[in-house]
Amino acid sequence: MPLQRRLPKYGFTSRKANFSDGIRLGDLDALSVGVIDLDILRSEKLIDSRVRRIKVILKGSVSKPLVIRGLLLTKGARAAVEAAGGRVEE
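Per my numbering, numbering of the sequence shown is gapless, rising by one per residue and ending at 258.
Quick caveat, the hints were computed from the structure, so don't treat them as lab data.
Model, not experiment: these values are computed from the prediction.
Where a beta carbon is used, it is the ideal one built from N, C-alpha and C, also for glycine.
Please note: incorrect hints may appear among the correct ones.
What the hints assert, rightly or not - EDC-like, lysine to aspartate or glutamate: derived pairs with alpha carbons at most 20 Å apart:
(1) LYS184 x ASP216
(2) LYS243 x ASP189
(3) LYS223 x ASP197
Stated by the list, open to error - Ranges of calculated distance between the beta carbons of each label pair, as one might list FRET restraints:
(4) GLN172 x PRO233: 13 to 23 Å
(5) LYS177 x ARG255: 44 to 54 Å
(6) ILE225 x PHE180: 20 to 30 Å
(7) GLY253 x ASP205: 11 to 21 Å
(8) MET169 x LEU240: 39 to 49 Å
(9) VAL219 x GLY253: 25 to 35 Å
(10) ARG174 x ARG210: 35 to 45 Å
(11) LYS184 x SER231: 26 to 36 Å
(12) ALA198 x GLY244: 12 to 22 Å
Construct all of the structure, not just a fragment, from the sequences and the given hints.
This is how it looks when you write it as structure tokens:
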């Protein structure tokens, strides 16, 4: 059998993949703080320290008003936050 078939695969790994991540809206609702930004998510250990961009997706529900600063949101997540009385600050 040829050598390249006997050795394990080794190849390209994107470096950009480590800098962005997604988080569910239900995870944000479980936090005890009202204002949510990147530093809060790092201190609560919800994201890795290397992550620079977060996108909030609509998975779960919001039961309290949240203020979200500096995070990207899907259309559904933005509508759910605003329907609960919260707001999104860029």
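Structure-based check of all given hints:
1. This hinted pair checks out: LYS184 and ASP216 have alpha carbons roughly 14 Å apart, not beyond 20 Å.
2. With a C-alpha separation of about 17 Å, the suggested pair LYS243 and ASP189 falls inside the 20 Å cut-off, and the hint holds.
3. Taking the CA atoms of LYS223 and ASP197, the gap is near 15 Å; set against the 20 Å cutoff, the hint holds.
4. Taking the beta carbon of each, GLN172 and PRO233 are about 58 Å apart, not inside 13 to 23 Å as hinted.
5. Distance hint check: the CB atoms of LYS177 and ARG255 are about 47 Å apart, consistent with the given range 44 to 54 Å.
6. Here the CB-CB span from ILE225 to PHE180 is close to 27 Å, well matched to the stated 20 to 30 Å.
7. Between GLY253 and ASP205 the C-beta distance comes to about 19 Å, which sits within the given range of 11 to 21 Å.
8. The supplied range of 39 to 49 Å is met by MET169 and LEU240, whose beta-carbon atoms lie about 48 Å from each other.
9. At about 28 Å, the CB distance of VAL219 to GLY253 agrees with the hint of 25 to 35 Å.
10. Range check, ARG174 to ARG210: Cβ separation about 42 Å, and the 35 to 45 Å hint holds.
11. For LYS184 and SER231, the hinted distance range of 26 to 36 Å is satisfied, since their beta carbons lie about 35 Å from each other.
12. Between ALA198 and GLY244 the CB atoms are about 18 Å apart, so this pair conforms to the stated range of 12 to 22 Å.
Checked against the numbered hints listed earlier, the structure breaks hint 4 alone; every other hint is satisfied.
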